[in-house]
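Residue strings, one per chain:
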Amino acid sequence: MIPGWLAALVWMLLSLVLLLLAIGLGLRIVTVWRERRYQAWAQAWEEPFFAFVFSPGPVADVPSIARGQLAIWERFLYTYMKKVQGEERQRVVDLASRTGLLDRLRHRLERGNRWGKARAMMFLGLGRVTEALPAMREQLHSPDRLVALAAARGLARMGDVDSLPQLVETVRRRSFFTYEAISDLLADFGNDACPQVLRMLEEAVPSDALIPLSATAKAPQDSGQLQDGSSPRVEDPELVCLYVDFLTYFRYRGALPALVTLLTRTDHEEIAIHCLKFLEQAGDANHAHLALPWLRHQVWALRLHAVKALSATAPEAYLPEKEALLEDPAWWVRYRTAQGLALAGPGGRAVLERVAASSAVAAAEMAQQFLWVPES
Amino acid sequence: MARILLADDDRLLANMLQYQLRQHSYEVHWVQDGAEALELLVAEDWDLLLMDVMMPVYDGFQVLRRLRQQGIELPVVMITARIRERDVERARNLGASAYMPKPLHMEEVLNTVQQLVEDRA
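For the protein sequence lines, the chains are A and B, in the order given.
Oh and the first sequence: position 20 is 41 in my numbering, straight run, nothing missing.
Oh and the second sequence: position 30 is 705 in my numbering, straight run, nothing missing.
Hints listed in this document are in silico derivations from the structure and should not be mistaken for laboratory results.
Wrong hints could be hidden among the right ones.
[Unchecked claim] With a straight-line cut-off of 35 angstroms between C-alpha atoms, the simulated DSBU-like cross-links for lysine-lysine are:
1. Lys103/A x Lys777/B
2. Lys298/A x Lys104/A
3. Lys298/A x Lys777/B
4. Lys777/B x Lys104/A
5. Lys103/A x Lys298/A
[Stated by the list, open to error] Only some residues are given here: those of chain A computed to face chain B with a beta carbon under 8 angstroms:
6. Phe75
7. Tyr99
8. Val105
9. Gly107
10. Glu109
11. Glu223
12. Thr269
[Stated by the list, open to error] One side of the interface only, derived from the structure: several residues of chain A facing chain B at Cβ under 8 angstroms:
13. Phe71
14. Tyr101
15. Lys103
16. Arg375
Built from N, CA and C at the ideal position, the CB exists for glycine as well.
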């Protein structure tokens, strides 16, 4: 005989499981139904939408096609807006305006719930609806993380380069904006923001860190130190790295003079690594020698980035320095050095062959591995 | 009528491209992965291949390499969100005729396609 309390417990558990299953099933049905509904509308709208966006001249009945379905219409337009740019994207925004969607989004930005605000800002930002700028700047200070992040993203997509310094200052005060999140945010501004970011970089480092060294001081043995033997102190190295990363991402050669100078003057390891990455991506043979002092640095990550920069900017030069690095205690440094030599033409391969036959075990092993790499 | 093979797993973008190309009197056939594209490229005659880089089964670079290995000298327009210099160079080395970044500028795509089709004719 099952005790009454046990039977009740089993019933309760069973009921709970059934309830959860019913909720899950219900949610699934709603999701599928909504998706099908979206697809059906999207299919119906595609033809007139394409005609409006891609054909010159307005299509008279376009504003009526989305009547009563603005939520689906918003998703439809946003999805397509991400696929096009320039004039075509502007026509999508025009369509949003004609159908009343922009008014609805602006209203939601003022009075909607957090998700509504976030979606509105992503749309308005991507569409570069500048009328929404003041409201979005205000939302950047929202205590709600989702809203603040969406505001930042929206402003970045808006490409309002003038607001960049204020945006960076604001987001860096909020702990949930990580380094990666801010990097992504900056990247959203696009390469038009490069000159502005360079100006911000110049403000973020002491002026003496960017004074070009004399021609004689540019020699490889230059220590990068100031006359009193110290190096310029950067107040916020993370911010500097962030800017250098951005300029590297877009390979902004306009930043080359400032960054190669910074590389020679800084003693901050992280900043040096980021400058070396920039040199690797945007430098040329004229700047290759700037990587040389870092080949002897005690931190292996710096030696690694120095050899990568050297291999990228002057693949066929500085062979003795590269040969010495094949005996580096760090595996990655040996690996990148050998890789650079393997791709550096006959001179590089000759070095690898000589080292491969030598008695330096670690260097010889690495050189042997890369002799298998095809020359071209 | 010039025949264009469009290889892209992004349905939305493919819809847009198909619409635009058909509006300009091209015959367009859409496939969603690299393997299917290769199969059709070998089996039928095409005037141009418009292809995404990131695709299932074979990516755009693999399709392009195999295409050239089989001696098919077809103009190829690569469309991609990967705008790194090394990717552009890789595409060029493999014999791509043009490399267009996403998000697309449709007019630019159309002009490029038109130019390449005319050159081939």
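Quick rundown of the hints versus the structure:
1. Between Lys103/A and Lys777/B the alpha-carbon distance is near 9 angstroms, which keeps this suggested pair within the 35 angstroms criterion.
2. For the proposed pair Lys298/A and Lys104/A, the alpha carbon gap of about 31 angstroms is at most 35 angstroms, so the pair holds.
3. Among the hinted pairs, Lys298/A with Lys777/B is consistent with the structure: their alpha-carbon atoms are about 25 angstroms apart, no more than 35 angstroms.
4. Between Lys777/B and Lys104/A, the direct Cα distance comes to roughly 7 angstroms. Compliance with the 35 angstroms bound is thereby established for this hinted pair.
5. Of the pairs offered as hints, the one joining Lys103/A and Lys298/A holds, with about 30 angstroms between alpha carbons and a cut-off of 35 angstroms not exceeded.
6. Taking 8 angstroms as the C-beta cut-off, the interface hint given for Phe75/A holds, the closest approach to chain B being about 6 angstroms.
7. Using the Cβ-Cβ criterion of 8 angstroms, the hint placing Tyr99/A at the interface with chain B is not satisfied: the shortest such distance is roughly 11 angstroms.
8. Proximity of Val105/A to chain B holds as hinted, the smallest CB-CB distance being about 5 angstroms (cut-off 8 angstroms).
9. The closest approach between the C-beta of Gly107/A and any C-beta of chain B is roughly 5 angstroms, which is under the 8 angstroms cut-off, so the hint is satisfied.
10. A hinted interface residue such as Glu109/A counts as satisfied when its beta carbon comes closer than 8 angstroms to some beta carbon of chain B; here the least separation is about 6 angstroms, so the hint holds.
11. A distance limit of 8 angstroms between C-beta atoms decides the matter here; for Glu223/A the minimum to chain B is near 26 angstroms, and the interface restraint is violated.
12. Against a cut-off of 8 angstroms between C-beta atoms, the interface hint on Thr269/A is violated, since the closest Cβ of chain B lies about 12 angstroms away.
13. For Phe71/A, the interface hint holds, the least distance from its beta-carbon to any beta-carbon of chain B being 4 angstroms, beneath 8 angstroms.
14. Look at Tyr101/A: its Cβ gets to within about 6 angstroms of chain B, closer than 8 angstroms, so that hint holds up.
15. Annotation: Lys103/A was flagged as interfacial toward chain B, and the flag holds, the nearest CB pair being 6 angstroms apart, inside 8 angstroms.
16. Taken as an interface hint, Arg375/A does not check out: its beta carbon lies about 29 angstroms from the nearest beta carbon of chain B, beyond 8 angstroms.
Hint compliance for this structure: hints 7, 11, 12 and 16 are broken, all remaining hints hold.
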